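Asker: The primary structure of each chain is shown beneath.
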Amino acid sequence: MSEKTNVTGDDAKPVSIWHRALDSDLFHSFIRKPVIVASAIITLAIFAMALFAPWLAPHTPFDPSSLNLMDGFTPPMTANQFSGNEYVLGTDNQGRDILSAIMYGTRISLFVGFAAVGLAALIGISLGLLAGYKGGWVDGLIMRIADVQLSFPAILLALLIFGVARSVLPPRVMDEATVWVLVVSIALSDWVQYARTVRSSTMSEKNKEYVQAARLFGVPAPLILLRHILPNVMGPVLVIGTIGLALAIILESTLSYLGVGIPPTQPSLGTLIRIGQDFLFSGEWWITLFPALTLLVLALSVNLLGDWLRDALNPRLR
Amino acid sequence: MADTLLSVKDLVVEFPQRRGLLRALDQISFDIKRGEILGVVGESGAGKSLTGASIIGLLEPPGRVSGGTIELDGQRIDNLSTAEMRKIRGRKIGMVFQDPLTSLNPIFTIAEQLIETIQTHLKLSDKEARKQAIKLLDDVGIPAASQRIDDYPHQFSGGMRQRVVIALALAGEPELIIADEPTTALDVSVQAQIIDVLKNTCKEHGAAVMLVTHDMGVIAETCDRVAVMYAGRLAEIGPVREVIKHPKHPYTIGLMGSIPSLAHQVERLVQIPGSMPRLDAIPEGCAFNPRCNRVFDRCRTERPDLIAVEENLAACWLHAKEAGA
Amino acid sequence: MSQQPLLKVDNLTRRFDVSKPWLNRMIEREPKQILTAVNQVSFEVEKGKSFALVGESGSGKSTIAKMVVNLLNPSSGHIYFDGQELSQAKGAAFKSLRRRVQMIFQDPFASLNPRWRVGDIIAEPIYAFGLESDKLKVQKTVERLLSTVGLTGRDRYKFPHEFSGGQRQRIAIARALSANPEFLVCDEPTSALDVSVQAQILNLMQDLQDEFNLTYLFISHDMSVVKHMADTIGVLYLGGLVEVNDSQQLFNQPVHPYTRMLLDAIPDHEMTGRRRTPVTGEIPNPINPPSGCPFHPRCQYANDRCKQEVPRSKAVMNSTVACFAAEEGRF
Numbered sequence: 001m002s003e004k005t006n007v008t009g010d011d012a013k014p015v016s017i018w019h020r021a022l023d024s025d026l027f028h029s030f031i032r033k034p035v036i037v038a039s040a041i042i043t044l045a046i047f048a049m050a051l052f053a054p055w056l057a058p059h060t061p062f063d064p065s066s067l068n069l070m071d072g073f074t075p076p077m078t079a080n081q082f083s084g085n086e087y088v089l090g091t092d093n094q095g096r097d098i099l100s101a102i103m104y105g106t107r108i109s110l111f112v113g114f115a116a117v118g119l120a121a122l123i124g125i126s127l128g129l130l131a132g133y134k135g136g137w138v139d140g141l142i143m144r145i146a147d148v149q150l151s152f153p154a155i156l157l158a159l160l161i162f163g164v165a166r167s168v169l170p171p172r173v174m175d176e177a178t179v180w181v182l183v184v185s186i187a188l189s190d191w192v193q194y195a196r197t198v199r200s201s202t203m204s205e206k207n208k209e210y211v212q213a214a215r216l217f218g219v220p221a222p223l224i225l226l227r228h229i230l231p232n233v234m235g236p237v238l239v240i241g242t243i244g245l246a247l248a249i250i251l252e253s254t255l256s257y258l259g260v261g262i263p264p265t266q267p268s269l270g271t272l273i274r275i276g277q278d279f280l281f282s283g284e285w286w287i288t289l290f291p292a293l294t295l296l297v298l299a300l301s302v303n304l305l306g307d308w309l310r311d312a313l314n315p316r317l318r
Numbered sequence: 001m002a003d004t005l006l007s008v009k010d011l012v013v014e015f016p017q018r019r020g021l022l023r024a025l026d027q028i029s030f031d032i033k034r035g036e037i038l039g040v041v042g043e044s045g046a047g048k049s050l051t052g053a054s055i056i057g058l059l060e061p062p063g064r065v066s067g068g069t070i071e072l073d074g075q076r077i078d079n080l081s082t083a084e085m086r087k088i089r090g091r092k093i094g095m096v097f098q099d100p101l102t103s104l105n106p107i108f109t110i111a112e113q114l115i116e117t118i119q120t121h122l123k124l125s126d127k128e129a130r131k132q133a134i135k136l137l138d139d140v141g142i143p144a145a146s147q148r149i150d151d152y153p154h155q156f157s158g159g160m161r162q163r164v165v166i167a168l169a170l171a172g173e174p175e176l177i178i179a180d181e182p183t184t185a186l187d188v189s190v191q192a193q194i195i196d197v198l199k200n201t202c203k204e205h206g207a208a209v210m211l212v213t214h215d216m217g218v219i220a221e222t223c224d225r226v227a228v229m230y231a232g233r234l235a236e237i238g239p240v241r242e243v244i245k246h247p248k249h250p251y252t253i254g255l256m257g258s259i260p261s262l263a264h265q266v267e268r269l270v271q272i273p274g275s276m277p278r279l280d281a282i283p284e285g286c287a288f289n290p291r292c293n294r295v296f297d298r299c300r301t302e303r304p305d306l307i308a309v310e311e312n313l314a315a316c317w318l319h320a321k322e323a324g325a
Numbered sequence: 001m002s003q004q005p006l007l008k009v010d011n012l013t014r015r016f017d018v019s020k021p022w023l024n025r026m027i028e029r030e031p032k033q034i035l036t037a038v039n040q041v042s043f044e045v046e047k048g049k050s051f052a053l054v055g056e057s058g059s060g061k062s063t064i065a066k067m068v069v070n071l072l073n074p075s076s077g078h079i080y081f082d083g084q085e086l087s088q089a090k091g092a093a094f095k096s097l098r099r100r101v102q103m104i105f106q107d108p109f110a111s112l113n114p115r116w117r118v119g120d121i122i123a124e125p126i127y128a129f130g131l132e133s134d135k136l137k138v139q140k141t142v143e144r145l146l147s148t149v150g151l152t153g154r155d156r157y158k159f160p161h162e163f164s165g166g167q168r169q170r171i172a173i174a175r176a177l178s179a180n181p182e183f184l185v186c187d188e189p190t191s192a193l194d195v196s197v198q199a200q201i202l203n204l205m206q207d208l209q210d211e212f213n214l215t216y217l218f219i220s221h222d223m224s225v226v227k228h229m230a231d232t233i234g235v236l237y238l239g240g241l242v243e244v245n246d247s248q249q250l251f252n253q254p255v256h257p258y259t260r261m262l263l264d265a266i267p268d269h270e271m272t273g274r275r276r277t278p279v280t281g282e283i284p285n286p287i288n289p290p291s292g293c294p295f296h297p298r299c300q301y302a303n304d305r306c307k308q309e310v311p312r313s314k315a316v317m318n319s320t321v322a323c324f325a326a327e328e329g330r331f
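Chains as they are written, first to last, in this note's numbering: chain A, 1 to 318; chain B, 1 to 325; chain C, 1 to 331.
There is no bait here: all hints are sound.
Below are the SDA-like pairs computed for lysine to any residue, each with C-alpha atoms no more than 20 Å apart in a straight line:
1. C:Lys158 x A:Pro231
2. A:Lys134 x C:Asn73
3. C:Lys32 x C:Ile287
4. C:Lys137 x C:Tyr157
5. C:Lys20 x A:Asp139
6. C:Lys20 x A:Gly140
7. C:Lys66 x A:Pro220
8. B:Lys199 x C:Thr277
9. C:Lys20 x A:Met203
10. C:Lys90 x A:Pro220
11. C:Lys66 x A:Met203
12. C:Lys95 x A:Gln212
13. C:Lys49 x B:Val266
So these bits of chain C aren't anywhere near chain B, every CB distance computed over 10 Å:
14. Lys20
15. Gln40
16. Tyr80
17. Gly83
18. Ala92
19. Gln139
20. Ser291
21. Ala326
Calculated directly from the structure, the hints in this document are not laboratory data.
Source: prediction; values computed, not measured.
From the three backbone atoms N, C-alpha and C, an ideal C-beta is built for every residue, glycine too.
Bound conformation, chain A alone:
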């Protein structure tokens, strides 16, 4: 429609947030797409599984005292030939229950994913706001750093940071901090997207009259950025964040798979896949297949959600 109807607002009564959310266009676009609903349910189920792993998992895979080497290499859904124990998804070489390992592994993968996205978003949003609002040489500097950053493949950068950390930090500290080093390396290779998006939104928002009005009232720049501009540039960040979560989980798995990530004592999904691949060709396919499937389903669902969110929030595609 070329002409927009005016909203009078005369008859509008304050409605609850729940009511507004259920009545929103976003919710309706969501509920009409079965694939997206399924993705959301799967994603939530995996989140719940990871979050409540200590209570849900049938075994505690990282407690050496509970492991029985005799249980090693038990295929899925079959009784172990020595102990007679049965495992839904089988066990690995050390007799760890694959299902429990996946639950705990997803927990670590998701933690790294969320933390990395959070850190990347924090860095990216801050620098993007600064570059977009200040302009001039500040903008030039930040964006050139971003350009340089982009010319390195993310994985290479993460490997580099990880390598530097390993050579700088003493081994004991490094062991404990592995997860955090991983988070930082993923975040540092991922912030550019946020910065670029936030910068361009900021540049268009800062020329809008509501920002000029705030400047007129003498509101200091940091407050204008925080209270006026930030809430209005968060839409695209949400989309990048969702897709970024999938990417971060994959990047974490890749690094762990390459052996620079989470150590086998506390395996993430990537570590599990790596452990399993040694036995792939000796017939113990389940050790690597189930973690890999979990990773695939998780990354796919989150990605689908992100794609849908991007389309649903983009007024031009609606």
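Given the coordinates of chain A, work out where chains B and C should sit on it, guided by the hints.
Answerer: For chains B and C alone, coordinates are given in the frame of chain A:
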């Protein structure tokens, strides 16, 4: 009648929405005679642009014509297929939009665009078409048309571009031109020139014009007759002088009074209280009744049809008895 | 002697660097391009009066508005408010000047933060200028302001998108008023609105002027709005003030040829049948303006002097015009 070019009867346009059907145009009826300029005026959301879009079959989905008929030259055009409609567009009905930049393709010269349009509709050789194109540009007042014809759109100023768009609309020698806010993006001094071009060139080429605008001044300058729209309905229609000098519908009266006068000093502008209702909340009876200062019981329950009052037609119960009803 | 003007603008000039980026310029060997958006503009606004600046696109009217409210610094020239120079004021004096001069923007859909509730929007200047910090009192003030502009106190819980364009402009006006200003710069306050809504807003602004003894600087391209609202009118052409006169006088006896053309260009919506000369020509590119008087290529009275010398504002024929033809009586 032979001199009626376009006849719109009881046109209804609806937009299916999540919360139900939105009736954006509600039983619009009017005629345009050959060579006549009809103004369609109203506030944003009144449905004036939509009326133009439904005539040329360019309603944005999910909008659709769900009632009434549109006849051009006695032939129904509201039920034509997309391909048939495409033949009519340009050949029988030309279009001029608000923003000249979006109507011109930036990567082709004016000559290429004009000649292509001319040859799509008329059987002319390249040379004849070029001659015709230069003549058209000359007609719309582009100086040194034979040289400027090979320029690209960005080499023209806003006003000159809108002239080119008018030339483009006239290229297929249409009988009707629908101009949607053709001067809104332009400065007043340029607007005055474009109004002249639109008025005179279309007269010379024998094309009738349906001029959609929110600007009463443009209407007064250009049109023979004017239709005033309100909330998707026709409030009043009549000869332009009559509607402006002696409006019959209370909405038109309010609208005329709310425009600041240049001729005399007024202390206070007439203001119509409130604002136009949303399309999903149009009141029962006359759509204007909650804002009307002469409202009575009948207005709140029964929807008025267009009633003849002197030379105008007004959808207002105030005039019911005068018309002998 | 009349009292000192509330706003005095003296030889105000603003240039913009519109060159391409440095690298492109070096490669294409192009010089820097400077756009003079406002060129030596001087005018005064008396307390309680309305002064309007009219002009077409590129006339520099919005740039002047932004400099007056200090959103943009002048390249040269001075702006005095109540005798104090804006650019010299520091600290508390500056803050107080800022508070006393407020602005109403053109687009009510962009001037209100879509994520804020109306109550917070209107309260922002109150907190920013430290007029009141007690939450309950601020709330009372917001409710009072909402009813002043014709809305209800309960509207403060709503978001801007729940209102129509006219209602949003009312909210924007309430926000400007919450700073207790004496001077309002109104940048095309009704050009985004329909005429019947425009009438409501213009009437409201007149009422507010009487009620709060406000002084207005009105920016508009619409001559009929300007005639209705302003006591004095300044006509801008390509960044320069070509004529300043009392509103009545300007419309009855326009002196500068551009003013005459502008008046002739206005559609005659009342169909009075007044006589008009057809308008010719277009506004030149402001980056590369004509020499001498910028209007000379479109002016029927232009002679060699107009092509070479730039006319200065002078009092001629009951008006203040920058025109050699008027000075020399060549009409």
